[in-house]
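J.: Sequence:
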Amino acid sequence: MEWKPSQPLLECGLKFDFPPVGAGEGQVRLTDAALELMPEHGRTLTYSYRDIAQVQAQDYQVILNVQGGELRLFHLGRLYSDFVRILIFQRNELILTDLLMQEKVRRAGIAAVCTKLVDGQAIELNNCELRLCDTALLIIPEYAEPIRLPLSYITGVTEEGHSLTIKSEAGDYRLRKMGREFIPFSELLSQAMNELMAKAQGLLRELAPAAGANVIQLAASLMREGRAAKRGELDKIDPIIWKSLELQLDSAGIKQEYEFLSSATSSKQQCIGFKRELVAQAGTEYIWFLIPIPERNLIAMEASSGPDSGRATYFFTIAPRSAFTKLKPQDLAGQVDSLLTEINRCMLAINFRREPIYLAEERLLQPKYQKYWQAVNRIPELQMLRERFAGRVFHREPEQWQQDVKDLLKFNLTTADDKKVWVKSDLDTPEEISEETENGG
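With the numbering used here, letter number 136 in the sequence shown gets 357, and the count goes up by one each step, no holes.
Derived from the structure by calculation, the hints contain no laboratory data.
Only a predicted model underlies this, so the values are computations on that prediction, with no experimental measurement involved.
One or more of the hints may lead you astray.
[Unchecked claim] No farther apart than 20 Å at their CA atoms in a straight line, the calculated lysine to aspartate or glutamate pairs in the EDC-like style are these:
| hint | residue 1 | residue 2 |
| --- | --- | --- |
| 1 | Lys451 | Asp558 |
| 2 | Lys627 | Asp638 |
| 3 | Lys420 | Glu324 |
| 4 | Lys592 | Asp253 |
| 5 | Lys451 | Glu563 |
| 6 | Lys489 | Glu583 |
| 7 | Lys451 | Glu390 |
| 8 | Lys640 | Glu583 |
| 9 | Lys547 | Glu516 |
| 10 | Lys325 | Glu446 |
[Stated by the list, open to error] Label-pair restraints from in silico Cβ distances:
| hint | residue 1 | residue 2 | range |
| --- | --- | --- | --- |
| 11 | Gly400 | Lys325 | 18 to 28 Å |
| 12 | Gln438 | Glu363 | 39 to 49 Å |
| 13 | Pro405 | Arg617 | 45 to 55 Å |
| 14 | Thr386 | Ala581 | 41 to 51 Å |
| 15 | Gly289 | Asp253 | 50 to 60 Å |
Every residue, glycine too, gets a C-beta built ideally from N, C-alpha and C.
Assemble the whole structure, with the sequences as input and the hints as a guide.
T.: Set out below in structure tokens:
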């Protein structure tokens, strides 16, 4: 790979304070790749934007959380505002990449003023850039980290004068001062949401051709953008939907696994979801299921893009192992319901990638996996799944898979340490099969 020099964006004098090296004066330079601090009498300190865990800018100071502690920058003079704006912009662009937001951008560069609405309180995010993607709205503040709002989370949009209020499962936002972009943006947002729903209805109609139009519309509202819907909720609409989805499990080569795991529990909270045109495999259909096994304090997850794709079954603990035996049935049922929702949200947030779930902390620091570091640190649902990850079972032979599942189920009940993960042997580590192999690549 040809080396390319970094491009300088801004440079100015300053004072700094950093515990490992002390206080001093010098120059700071922002490039397209990193922040470079050059003390008057000392060695240069370089931090890629990925190295900066947090940025705080207030009272004409910038505090950066980096390895070694807090790096405090001050006395930047008249370039303070430009410095903060460029620093946050460069870091946000990297965050957008690292948060696995690899999807087509329909419209970018829409200026707006944004307010987050929380429990009746208004939190001003001030000037923002809006980017509308195929499945999400990106809100990128000038002085804060970017927000990804999946279109499937949006429950309502209302226009009041020249402001747009978006209600969603991930929070409510008010957008205003868009000028001439207000009407075009509102129309584009509506169009993207309608297309997402039409896409879910179209695929569901292919999977369940015997279902009526009203049934398809109601079921698609539960399964948009790949969400796994509960059997009970789909059966209330029409049992034909669930039966059709079970047939698709057979076509995808995971029907036997589904039946075996279902036989291990009396729970009827199974979930099935589908998605088309993932980044990794454009044009393919992707089907997955979730099966709670509350008797063993586990939820199983399996996904497939076809019978020839490499696969593994993932398991997550429902409750902390030390607290499991003390839980009342109704409390356990509530935790199952909550975890099913969180797994759905997490899989949508990480575009159905599985590596960020199971990779050990030390492996995330390797250059190969740095793209996941931001996702792990910034997606609460992903953090929760990593904490609850109990192990995964690879598919080689049906008999081997079934025995390994039995071993994992037993392991989870006999192990008290929440940090322990089931591993078949010393040679069969969670990193043995790559994500590309699992996805059939």
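J.: Broken hints, numbered, in rising order?
T.: The structure conflicts with hints 6, 15, although it agrees with all the remaining ones.
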